[in-house]
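Colleague: The hints should help you fit chain B onto chain A, whose structure is shown.
Residue numbers (our numbering), protein chains in the order written: chain A, 121 to 612; chain B, 121 to 612.
If you are wondering where the hints come from, they were derived from the structure by calculation, not from laboratory data. Hints should not be assumed to be uniformly reliable.
Since the list gives no way to pick one copy over another, a pair counts as held whenever it fits inside one copy or between any two copies.
As the list claims (entries may be wrong) - DSSO-like cross-link-like pairs, simulated, lysine-lysine; straight-line CA separation at most 27 Å: (1) Lys594 x Lys610; (2) Lys200 x Lys610; (3) Lys578 x Lys175; (4) Lys376 x Lys200.
Read off the chains here:
There are 2 protein chains.
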Amino acid sequence: MSKKLTPREKDYSKWYNELVIEANLAENSAVRGCMVIKPYGYSIWEKMQAELDSKFKETGHENAYFPLFVPKSLFEAEEKNAEGFAKECAVVTHYRLKTDPEDASKLIVDPDAKLEEELVVRPTSEAIIWNTYKGWIQSYRDLPILINQWANVVRWEMRTRLFLRTAEFLWQEGHTAHATKEEALAETEQMNNIYAEFAENFMAIPVIKGRKTDSERFAGAEETYCIEALMQDGKALQAGTSHFLGQNFAKAFDVKFASKEGDLKHVWATSWGVSTRLMGALIMTHSDDKGLVLPPKLAPVQVVIVPIYKGEEQLNQISEVANQLVKDLRAVGVSVKFDNRDTHKPGWKFAQYELQGVPVRLAIGPKDLEKGTVELARRDTLTKEFVERDSVVEKIQDLMVEIQDHLFGKAKAYRDNHITEVETFDEFKEVLKVKGGFISAHWDGTPETENKIKELTKATIRCIPFEGKKEEGKCVLTGEKSSQRVLFAKAY
Amino acid sequence: MSKKLTPREKDYSKWYNELVIEANLAENSAVRGCMVIKPYGYSIWEKMQAELDSKFKETGHENAYFPLFVPKSLFEAEEKNAEGFAKECAVVTHYRLKTDPEDASKLIVDPDAKLEEELVVRPTSEAIIWNTYKGWIQSYRDLPILINQWANVVRWEMRTRLFLRTAEFLWQEGHTAHATKEEALAETEQMNNIYAEFAENFMAIPVIKGRKTDSERFAGAEETYCIEALMQDGKALQAGTSHFLGQNFAKAFDVKFASKEGDLKHVWATSWGVSTRLMGALIMTHSDDKGLVLPPKLAPVQVVIVPIYKGEEQLNQISEVANQLVKDLRAVGVSVKFDNRDTHKPGWKFAQYELQGVPVRLAIGPKDLEKGTVELARRDTLTKEFVERDSVVEKIQDLMVEIQDHLFGKAKAYRDNHITEVETFDEFKEVLKVKGGFISAHWDGTPETENKIKELTKATIRCIPFEGKKEEGKCVLTGEKSSQRVLFAKAY
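Extracted from the complex, chain A is given alone in its bound form (with noise of 0.2 Å):
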């Protein structure tokens, strides 16, 4: 652990992915393009799922689960849906290896073993969920379904990174099933905002909302709603998205209700998910060149206490102090780890943990246990001072909404910092070599200019933002009429 992670300024794409190993969050697996998540890396994971969760259950949704596979058949039924992940999907044909006869120690597929039907793993679950949700809708009064899944999905990304773009991966998927429209759009709305709200208030990371383009739009949705991030180096991440299905999962699955009145009607559906991906976001996000920096609502340990001793007789002393501030931290919900393993020396604990993004780090020493002080080192900023020791549970519990407040707002001030209005093509151009970040620009509303400036620039519409100001101007790259400015960027 000794390693020093190479600098974000000199590459940091290499940054990052050494950050995820020597912090321990994931590794590449012996499966292309598939993760491992290590334990403290799950454990970060298992806070955003915690809280997610409990926001989707505030909001009246239950938990379910549905099937791994989607048979062809049913995967074929929505078709641009179907488009948009048949290029990219892990396909089931056989239920059973055998002994190769050529060598006894070696298994091969049976050849009599073949599905008649193959099975595709799911990228995504609308399909078998709406082929589900067929035999439980009759009536008005079995309306609105509101479900969430927490699962494994694949998609065969040819080009993978850890957490940002994994064959498999994990997430949430909420699928919502309405008697009308309104309402529909309603629960897709709801459900951004709701992920806003955990981006900024629990992530820290601060997001705009907004809407996706035609061509950027979820397979199969009317309208794409999402959170996009900007990271330290100026590419955009999308966070999360919220997809207004109209009624086209409906029609495909022949889905209809008897309303009050009588009459058979399609139902209305939203889809909406966060991934492990997030776990990417918040690396790119907080963290510099010494490793992780964890805002202490997602960090599975907030203060870690270091002792710093010379023999067995200063260890017990400091060891006392240590065990007391345990209790009474932990008394005030804040989870403390004391590290008096003898394998390790204070150095090592001391990088180890800064890698690994502790908010907060005690050491106590010798001297400290004389003047009545422990030494509080802050993770966010790197500083340090000694704290009294009674004080030190309330300077504490002060410092981890300070923490959480400093990250929230340092983060914003960089990408509020990188949103660049631009009139010209050649301004364009410049801010995103430049500088990067979003460039707030008009657009004459077609897909030909959109891929247009994708092709020329690698930039692309990360959303029509909810917030932007109606603003009647000329197509930055076209010149046609334009009455709103949208965000490019390059992206993740």
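Modeller: Same frame as chain A, now just chain B:
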């Protein structure tokens, strides 16, 4: 929901299937052998997960996540494990679908997207995990590794039944690595004990702890410890297993560590798991002809309040009392639902909550308002009584404990009454036919005899109980010498 269940006496298997569907626990899906776990069923599973997860964490385990897929070459590395699971595994062979050239509305497997190496959908994760641990373990300082994973697994079973045997199921699988055999054996036993405590204290299911015979052991294990429960129809159900894997996986994947003394040794391993099968055990231990019976510790809703009223004014008066009760019950940690829907009649609601196993039902009508009472019905005993409104909260707090104990006691009495010692094979067959349950009999210790008995009676050795008294005797089939009785039963 007015449909009555087939009585257990008439057809136990049909009763079970109907109950799972009618109580909204789960249903079959469009995918052969895969189930949909519905919100009510899933909320019970979530309760189990939360309790188990905290027990795992209390004993030092952490959660992590490993890939869904196992490359064929890893899958076959541990020979016995591979042999055990190869016969029933889902195999991914391709990573893309394409439009059918003969019918543009259809998709076919793209022959150009064949994987170089087939991927097995994990039936269990020893192979992928031990291949990963290889990179994590160099020295004794890296041990022990105590990891658990919550995941879905797939075993291509030919005959499936909701919860009991499904092609895909949810489970947790613990995988630990240790420096010594003793430590690994202690872990194996500790986890089996945790399962037993969980089953008995949380699910109110009495279990017998023991070890499996060679032929019933997990493929790749040196020892399999288990907990065995008894269902109401006299058949046994394996409710959890904990495996001592010896050095089998460490050898298959070449995982060695440098000991304190500096020499290289193979690592010792355990794995242990329980699955959604526990839902089946829960149902078949406590439920009756009216539906599910839930122990309070597992019930998503512990108390339901049903108003009995004519007209809005009565409803308003009742609601006032009910809402106060809801508040008071929640304040003492009891989960409660006030079902004031006007779309369903009280009788329908009574039947529905009986079907879904809600432990306590309160009904409040106009007469109760006058008298200051509520009608309290217990699901487990199907008894009713009137309770003074002022003592309802205390009464219910007591009942939560009493019902939990009563269910365990009842199940234990049944189970204890269905362990029959036999001395002859005629007795063996007679007991199996007339009474069912566990048969405690001497066995000569050979797989041949075990197999012969299975062939003749369909009964298998469920376990060699840890607490069985050592006792000389003669094998029930062969008359050979035996030093301990083992437990036979027909099993799920």
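Colleague: Hint by hint, say whether it matches the structure.
Modeller: Results of checking the hints against the structure:
In this assembly of identical chains, the alpha carbons of Lys594 and Lys610 lie at most 27 Å apart only when taken from the same copy (22 Å versus 78 Å across copies). For the identical chains of this complex, Lys200 and Lys610 are intra-copy neighbours only, at 25 Å inside a copy versus 50 Å across copies, given an alpha-carbon limit of 27 Å. Taking identical chains as interchangeable, the C-alpha atoms of Lys578 and Lys175 are never at most 27 Å apart, the minima being 36 Å within one chain and 50 Å between chains. Within a single copy, Lys376 and Lys200 get their C-alpha atoms as close as 21 Å, which meets the 27 Å cut-off; across copies the closest is 51 Å, which misses it.
The structure is inconsistent with hint 3 alone, although it conforms to all the rest.
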